[in-house]
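With these hints in hand, go ahead and build the complete structure from the sequences.
Take a look at the letters that make up each chain.
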Amino acid sequence: GAVVSQHPSRVICKSGTSVKIECRSLDFQATTMFWYRQFPKQSLMLMATSNEGSKATYEQGVEKDKFLINHASLTLSTLTVTSAHPEDSSFYICSATVAYEQYFGPGTRLTVT
Amino acid sequence: AQSVTQLGSHVSVSEGALVLLRCNYSSSVPPYLFWYVQYPNQGLQLLLKYTSAATLVKGINGFEAEFKKSETSFHLTKPSAHMSDAAEYFCAVSDNNAGNMLTFGGGTRLMVKP
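Quick note, the sequences are listed as chains R and W, same order.
Under this note's numbering, the residue at position 36 of the first sequence is numbered 36, and the numbers go up by one with no gaps.
Take the position in the second sequence, starting the count at 1, then add 113; the result is the number in this note's numbering.
Errors might be hidden in some of the hints.
What follows is a list of derived Cβ distance ranges for each label pair [as the list claims (entries may be wrong)]:
{"hint": "1", "chain 1": "R", "residue 1": "Ser-18", "chain 2": "W", "residue 2": "Lys-226", "range": "19 to 29 Å"}
{"hint": "2", "chain 1": "R", "residue 1": "Tyr-100", "chain 2": "W", "residue 2": "Thr-190", "range": "41 to 51 Å"}
{"hint": "3", "chain 1": "R", "residue 1": "Ser-54", "chain 2": "W", "residue 2": "Ser-127", "range": "17 to 27 Å"}
{"hint": "4", "chain 1": "R", "residue 1": "Gly-16", "chain 2": "W", "residue 2": "Arg-222", "range": "44 to 54 Å"}
Residues of chain W placed beyond 12 Å of chain R at every Cβ, according to the derived structure [as the list claims (entries may be wrong)]:
{"hint": "5", "residue": "Phe-147"}
{"hint": "6", "residue": "Leu-169"}
{"hint": "7", "residue": "Ala-205"}
A few chain W residues facing chain R, derived, Cβ under 7 Å [claimed, not checked]:
{"hint": "8", "residue": "Gly-156"}
{"hint": "9", "residue": "Phe-176"}
{"hint": "10", "residue": "Ser-183"}
{"hint": "11", "residue": "Gly-219"}
{"hint": "12", "residue": "Gly-220"}
{"hint": "13", "residue": "Thr-221"}
{"hint": "14", "residue": "Val-225"}
The set of hints was computed from the structure by calculation and includes no laboratory data.
C-beta: ideal position from N, C-alpha, C; glycine also.
Written out as structure tokens, the structure is:
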């Protein structure tokens, strides 16, 4: 099956700094990728849909200026958490759809201290 | 609007026992339904999906689920639990076959006792 990777797998940053998370489709091209957020022991919440070559579509309640998404190529989407705060600490998961199936990355655990 | 309810945030079974994880959905259009499994600190892996073909869907690792429109349910079952089945399971609904724009249930943590 298709493989989606994320980097880094874990990141710790200080409050007020920005952190970038990469999502790559390794063996296929993805015009659309999705970013989810998962709080401990909770379900996944869709944050935004990342579209190659155009602006991302954000879900209601997600601050687009805080969670910057860039999808500059068909194999890479990035999520930048700007001016991170402890409440941004979470598990961030990306996914991409190919052949009518959504493939998920392994996730990135962000801890803001 | 679509929503998914998973009854029971935690389910515990003995090894070899039947696994039953419940999922009920709400959808204004014919739904496409999915079950995913998540192991600790990992992404989600698709177990199976219902796409309006057969109502009984067989997936990987011996799991299957039955779509019951009258009950708006898509419960996940496995005849005999293995220790390796211990994980978090998510039911999800979409309004399209491609699995885009998934709405997830709250998840059920399956624990398997030896």
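Hint check: is the beta carbon of Ser-183(W) less than 7 Å from a beta carbon of chain R? Since the shortest Cβ distance to chain R is 26 Å, the answer is violated.
Hint check for Arg-222(W) and Gly-16(R) - Cβ pair distance inside 44 to 54 Å: violated, 35 Å
Does Gly-156(W) pass the interface hint, meaning its C-beta sits closer than 7 Å to a C-beta of chain R? holds, 4 Å
For Phe-147(W), is the shortest beta carbon distance to chain R beyond 12 Å? violated, 8 Å
Is it true that Ser-54(R) and Ser-127(W) lie within 17 to 27 Å of each other by Cβ? Violated, since Ser-54(R) and Ser-127(W) (Cβ atoms, about 52 Å apart) do not stay within the stated range.
Could you see if the CB distance from Tyr-100(R) to Thr-190(W) stays within 41 to 51 Å? violated, 24 Å
Looking at Ala-205(W) again, its CB stays over 12 Å from all of chain R? violated, 8 Å
Classify the label on Leu-169(W) as holds or violated, using whether its beta-carbon is more than 12 Å from each beta-carbon of chain R. Answer for Leu-169(W): holds, closest chain R Cβ roughly 19 Å.
Hint check, Phe-176(W) versus chain R [nearest Cβ-Cβ separation less than 7 Å]: With a closest approach of 16 Å, the Phe-176(W) hint is violated.
Hint check, Val-225(W) versus chain R [nearest Cβ-Cβ separation less than 7 Å]: Violated, because the Cβ-Cβ distance from Val-225(W) to chain R comes to roughly 18 Å (cut-off 7 Å).
Hint check: 7 Å Cβ-Cβ cutoff, Gly-219(W) to chain R: Holds, because the Cβ-Cβ distance from Gly-219(W) to chain R comes to roughly 5 Å (cut-off 7 Å).
Assessment of proposed distance window 19 to 29 Å (beta carbons of Ser-18(R), Lys-226(W)): At 45 Å between Cβs, range violated.
The structure does not agree with the numbered hints 1, 2, 3, 4, 5, 7, 9, 10, 13 and 14 stated previously, though it agrees with the rest.
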